[in-house]
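2 protein chains.
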Amino acid sequence: MAYFEDIKVGDRRELGSFTFTPELIKTFALQFDPQPFHLDEEAGRKSQFGGLAASGWHVAAVYMKLTVAALQRDMQESIARGEKPTASGPSPGFRELKWHKPVLAGDTLTFTSEVSEVRTLESRPQWGLIHAYNTGVNQRGELAFSFIAAVFKPRRPAT
Amino acid sequence: MAYFEDIKVGDRRELGSFTFTPELIKTFALQFDPQPFHLDEEAGRKSQFGGLAASGWHVAAVYMKLTVAALQRDMQESIARGEKPTASGPSPGFRELKWHKPVLAGDTLTFTSEVSEVRTLESRPQWGLIHAYNTGVNQRGELAFSFIAAVFKPRRPAT
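Residue numbers (the numbering used here), protein chains in the order written: chain A, 1 to 159; chain B, 1 to 159.
Check before you lean on any hint, since a few could be wrong.
A pair holds if it fits inside one copy or across any two, identical chains being indistinguishable in the list.
[Unchecked claim] With a Cα cut of at most 27 Å, we get these calculated DSS-like pairs of lysine-lysine: (1) K84 - K46; (2) K84 - K65; (3) K8 - K26; (4) K46 - K65; (5) K46 - K26.
Think of the hints as simulated: they come from the structure by calculation, not from any bench.
Next up, chain A with everything else stripped away, as it sits in the complex (with noise of 0.2 Å):
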């Protein structure tokens, strides 16, 4: 796992992909999104979505859940080069959360981080921050969902 001074602006990677299949999609939504066209494939045929739709924070979850599989290969890669992997620092929020598209069942979503902005902070040395522009691309190559992440890296000790 990279130090800070490792990332750089336009750094790409792609984090992964997931269906959503009707029963994860209303799995989800019985738990924190139960509203009808979330839930029964009728209601979302009727709806302004036009087929059952997965909860737009159940497609922010599954962009968490592939962020941290990428991050847990990217730990063991390093381990197995032999270096001591570095923790990745807590996120203190997001700006810009879009749902540009329906998800519905069957979607494939593809997801892929761009670093938008590095900068060292004053007042915690110990840490970049890095922006990130994160997005969730289906499988005709629409955008479907995108958001601007902020995390904190650690910096890279003296030496």
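Starting from the known structure of chain A, arrange chain B on it as the hints suggest.
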């Protein structure tokens, strides 16, 4: 449920409260955010959170859960008064989501929504756009979570 015309800046409602138990925190984390400080008490204590901490996306999903329950209560009350309930429109997205404080096992968040902006849309005469400042405050009165939501509400039909 209200038409766009019934909603004004400053309208405020409490959506409800939710206690983040260790079991619920871990169940969400296993599915969507399996980082050690969301899965294990000891790892949480050693982390910057200082305890087993809910995933930020879990906090957001619980906000949605309480919002949907509040909308459903509105709809039932509206039907009980003999009114025709109005459908709520889709949300195009969110701005400025912030996780101000960790949400630790045992914390109870109370979520509130306050209308911050209302406007009509030239492009969609049947809908108005509402912005609301949504917050989650813990049992010590500390702001833990906030964001600005945008949501479409139907205009009252001409009679």
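Results of checking the hints against the structure:
In this assembly of identical chains, K84 and K46 lie within 27 Å of each other by CA distance solely across copies; the values are 18 Å between and 54 Å within a copy. In this assembly of identical chains, the alpha carbons of K84 and K65 lie at most 27 Å apart only when taken from the same copy (24 Å versus 40 Å across copies). With identical chains, the CA atoms of K8 and K26 are never at most 27 Å apart, being 39 Å at best within one copy and 34 Å at best between copies. Within a single copy, K46 and K65 get their C-alpha atoms only as close as 30 Å, which misses the 27 Å cut-off; across copies the closest is 22 Å, which meets it.
With identical chains, the CA atoms of K46 and K26 are at most 27 Å apart within one copy only, with a shortest distance of 17 Å there and 36 Å across copies.
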